[in-house]
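Visitor: Note that the protein sequences, when read in sequence, are chains C and A.
For the first sequence, the UniProt record's numbering assigns the number 230 to the last residue and increments by one with no breaks.
For the second sequence, the UniProt record's numbering assigns the number 230 to the last residue and increments by one with no breaks.
Check each hint, because a few of them may be wrong.
[To be verified] Lysine-lysine pairs mimicking DSS-like chemistry, simulated, CA-CA at most 27 angstroms apart:
#	chain 1	residue 1	chain 2	residue 2
1	A	K150	C	K136
2	C	K105	A	K43
3	A	K112	C	K105
4	A	K136	A	K112
5	C	K43	C	K150
6	A	K112	C	K112
7	C	K43	A	K105
8	A	K150	C	K43
9	A	K150	A	K43
10	C	K150	A	K39
11	A	K121	C	K136
12	A	K43	C	K112
13	A	K105	C	K39
14	C	K150	C	K79
15	A	K150	A	K112
16	C	K43	C	K112
17	A	K105	C	K112
18	C	K121	A	K105
19	C	K43	A	K121
20	C	K105	A	K121
21	C	K112	A	K136
22	C	K150	A	K136
23	C	K136	C	K150
24	C	K136	C	K105
25	C	K105	A	K39
26	C	K39	A	K150
27	C	K105	C	K121
28	C	K150	C	K112
29	C	K39	C	K112
30	C	K136	A	K112
31	A	K136	C	K121
32	A	K105	C	K105
Keep in mind that the hints were calculated from the coordinates and are not lab data.
Here's the letter readout for the chains.
There are 2 protein chains.
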Amino acid sequence: MPVLYHHTMSSASRFIRLVLGEYGLPVELTEEQPWEMRKDFIKLNPAGTLPVMVDDNMRVLCGPTVIAEFLDETSGILKRDKRLLAEDPFQRAEIRRLVEWFLVKMEADVTKPLVRERIFKLQMPPTLGGGAPDSKILRMARGNIRQHLKYISWLAGSRSYLAGSRLSYADLAAAAALSELDYLGEITWAEAPQARDWYQRIKSRPSFRPLLTERVRGVTPVSHYADLDF
Amino acid sequence: MPVLYHHTMSSASRFIRLVLGEYGLPVELTEEQPWEMRKDFIKLNPAGTLPVMVDDNMRVLCGPTVIAEFLDETSGILKRDKRLLAEDPFQRAEIRRLVEWFLVKMEADVTKPLVRERIFKLQMPPTLGGGAPDSKILRMARGNIRQHLKYISWLAGSRSYLAGSRLSYADLAAAAALSELDYLGEITWAEAPQARDWYQRIKSRPSFRPLLTERVRGVTPVSHYADLDF
Numbered sequence: 001m002p003v004l005y006h007h008t009m010s011s012a013s014r015f016i017r018l019v020l021g022e023y024g025l026p027v028e029l030t031e032e033q034p035w036e037m038r039k040d041f042i043k044l045n046p047a048g049t050l051p052v053m054v055d056d057n058m059r060v061l062c063g064p065t066v067i068a069e070f071l072d073e074t075s076g077i078l079k080r081d082k083r084l085l086a087e088d089p090f091q092r093a094e095i096r097r098l099v100e101w102f103l104v105k106m107e108a109d110v111t112k113p114l115v116r117e118r119i120f121k122l123q124m125p126p127t128l129g130g131g132a133p134d135s136k137i138l139r140m141a142r143g144n145i146r147q148h149l150k151y152i153s154w155l156a157g158s159r160s161y162l163a164g165s166r167l168s169y170a171d172l173a174a175a176a177a178l179s180e181l182d183y184l185g186e187i188t189w190a191e192a193p194q195a196r197d198w199y200q201r202i203k204s205r206p207s208f209r210p211l212l213t214e215r216v217r218g219v220t221p222v223s224h225y226a227d228l229d230f
Numbered sequence: 001m002p003v004l005y006h007h008t009m010s011s012a013s014r015f016i017r018l019v020l021g022e023y024g025l026p027v028e029l030t031e032e033q034p035w036e037m038r039k040d041f042i043k044l045n046p047a048g049t050l051p052v053m054v055d056d057n058m059r060v061l062c063g064p065t066v067i068a069e070f071l072d073e074t075s076g077i078l079k080r081d082k083r084l085l086a087e088d089p090f091q092r093a094e095i096r097r098l099v100e101w102f103l104v105k106m107e108a109d110v111t112k113p114l115v116r117e118r119i120f121k122l123q124m125p126p127t128l129g130g131g132a133p134d135s136k137i138l139r140m141a142r143g144n145i146r147q148h149l150k151y152i153s154w155l156a157g158s159r160s161y162l163a164g165s166r167l168s169y170a171d172l173a174a175a176a177a178l179s180e181l182d183y184l185g186e187i188t189w190a191e192a193p194q195a196r197d198w199y200q201r202i203k204s205r206p207s208f209r210p211l212l213t214e215r216v217r218g219v220t221p222v223s224h225y226a227d228l229d230f
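One chain only, chain C, in its complex shape (with noise of 0.2 angstroms):
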């Protein structure tokens, strides 16, 4: 069975188990702590990002791009209906617009600075950075989500699902991410209908279960964070 380095609070990790999730794909899940830089990770992948997939003949994939890709090359395409990249060109370049929006956009701006300080900092060593969180990184985190939330209302809004008619890569990006944030209770749903209705419905399959029994040492997520009807 393949292996998957992820952490639980890597929103990169987070979308590729929802992605093999849907696609029915087991791995053995492995948890890296993503600052330590052990040698032997970043001997799989020298740039030390998360997650990493190794599958039985000791083939590495390395990073969401590389895996969302790999899959849909060697399952999604024999998904007709459910596959999660389209099938035309330009839809497919749209949800790939919006997962790296979600995983390289939002995450700099609100998912990974939120995260390395509410929980990442609380798990380090002070030697590489750990501690309290900094006040003002977490103030300007925080005064980006509401910009991200009207963007992922708007595209709710208009689209049964992000990138379009049918379940793809872009919700499942963008979930990942949100649910992170959604754990730290610092998403305020009331100012965002749209963005909840469709979140919900999102969290509500059964690719999205094991996410939300999974606990980090020392946060508590908040109250509705597994409630499927918040």
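Got chain C; can you put chain A on it based on the hints?
Guide: Frame of chain C; chain A shown alone:
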């Protein structure tokens, strides 16, 4: 004819121009100053990244990954042994990993800080961060070059091209970034003869010619920059 919004000193833009050149696809070039975040440009690509390609039907493709995948699906697929993204899923994964390495990791470690400090800051107004280069950033970025050059040398020494036996996106992404560093005279080629031999081969391709003739206002390239036998 499609329009490509680019900047001559953006590695991602150079990469896509090389791909278009290799596939013989003509585009109209429009230079965009990435630091301006021009309103009409942000409408095309909310993430503000370069390059952006707009086709005759005003369909927009944002960023190097999205454009490269689109070009593979619409042109590459017809090119047989001239296809720049291999056929085998694992080969494709390795090519994509390396493209990301050069356009994300090396970009963050080396190319972006050097281009920003030495070129962009000359042209940016002080209100947007323009001014004299920060010597601490220059020192850090220069310290990272050697490691990246060593990696390229190792790849070039163990394979004909960086991702295997055929020219691929990986070579074009690496050469796009290196060409900017070379313009700035930041590369000590004598230290990396295998990387130099490989770069010389890529640089000699007709697709490279337009890049070698462009000049940045106020910054003269190193004397061997356009020299095919440096």
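Visitor: Please go over all the hints and tell whether each is borne out by the structure.
Guide: Evaluated hints:
1. K150/A - K136/C: Judged against 27 angstroms, a Cα distance of about 38 angstroms means the pair is violated.
2. K105/C - K43/A: 16 angstroms, holds
3. K112/A - K105/C: 17 angstroms, holds
4. K136/A - K112/A: Roughly 14 angstroms separates the two Cα atoms, so the pair holds.
5. K43/C - K150/C: 40 angstroms, violated
6. K112/A - K112/C: Given that 27 angstroms is the threshold and the Cα spacing comes to 21 angstroms, the pair holds.
7. K43/C - K105/A: 16 angstroms, holds
8. K150/A - K43/C: 16 angstroms, holds
9. K150/A - K43/A: 40 angstroms, violated
10. K150/C - K39/A: Holds, because 18 angstroms separates the two Cα atoms, which is no more than 27 angstroms.
11. K121/A - K136/C: It holds: about 26 angstroms lies between the C-alpha atoms, which stays within 27 angstroms.
12. K43/A - K112/C: 25 angstroms, holds
13. K105/A - K39/C: Given pair K105/A, K39/C holds - Cα atoms ~18 angstroms apart, limit 27 angstroms.
14. K150/C - K79/C: 32 angstroms, violated
15. K150/A - K112/A: Status holds; Cα separation ~19 angstroms.
16. K43/C - K112/C: Holds. K43/C to K112/C sits at ~24 angstroms (cutoff 27 angstroms).
17. K105/A - K112/C: Distance of about 17 angstroms is within 27 angstroms: holds.
18. K121/C - K105/A: Holds, because 23 angstroms separates the two Cα atoms, which is no more than 27 angstroms.
19. K43/C - K121/A: Violated, at roughly 36 angstroms.
20. K105/C - K121/A: 23 angstroms, holds
21. K112/C - K136/A: 25 angstroms, holds
22. K150/C - K136/A: 38 angstroms, violated
23. K136/C - K150/C: Judged against 27 angstroms, a Cα distance of about 23 angstroms means the pair holds.
24. K136/C - K105/C: 19 angstroms, holds
25. K105/C - K39/A: 18 angstroms, holds
26. K39/C - K150/A: 19 angstroms, holds
27. K105/C - K121/C: 21 angstroms, holds
28. K150/C - K112/C: 19 angstroms, holds
29. K39/C - K112/C: With a Cα-Cα distance of about 23 angstroms, the restraint between K39/C and K112/C holds, given a limit of 27 angstroms.
30. K136/C - K112/A: Holds. K136/C to K112/A sits at ~25 angstroms (cutoff 27 angstroms).
31. K136/A - K121/C: 26 angstroms, holds
32. K105/A - K105/C: 16 angstroms, holds
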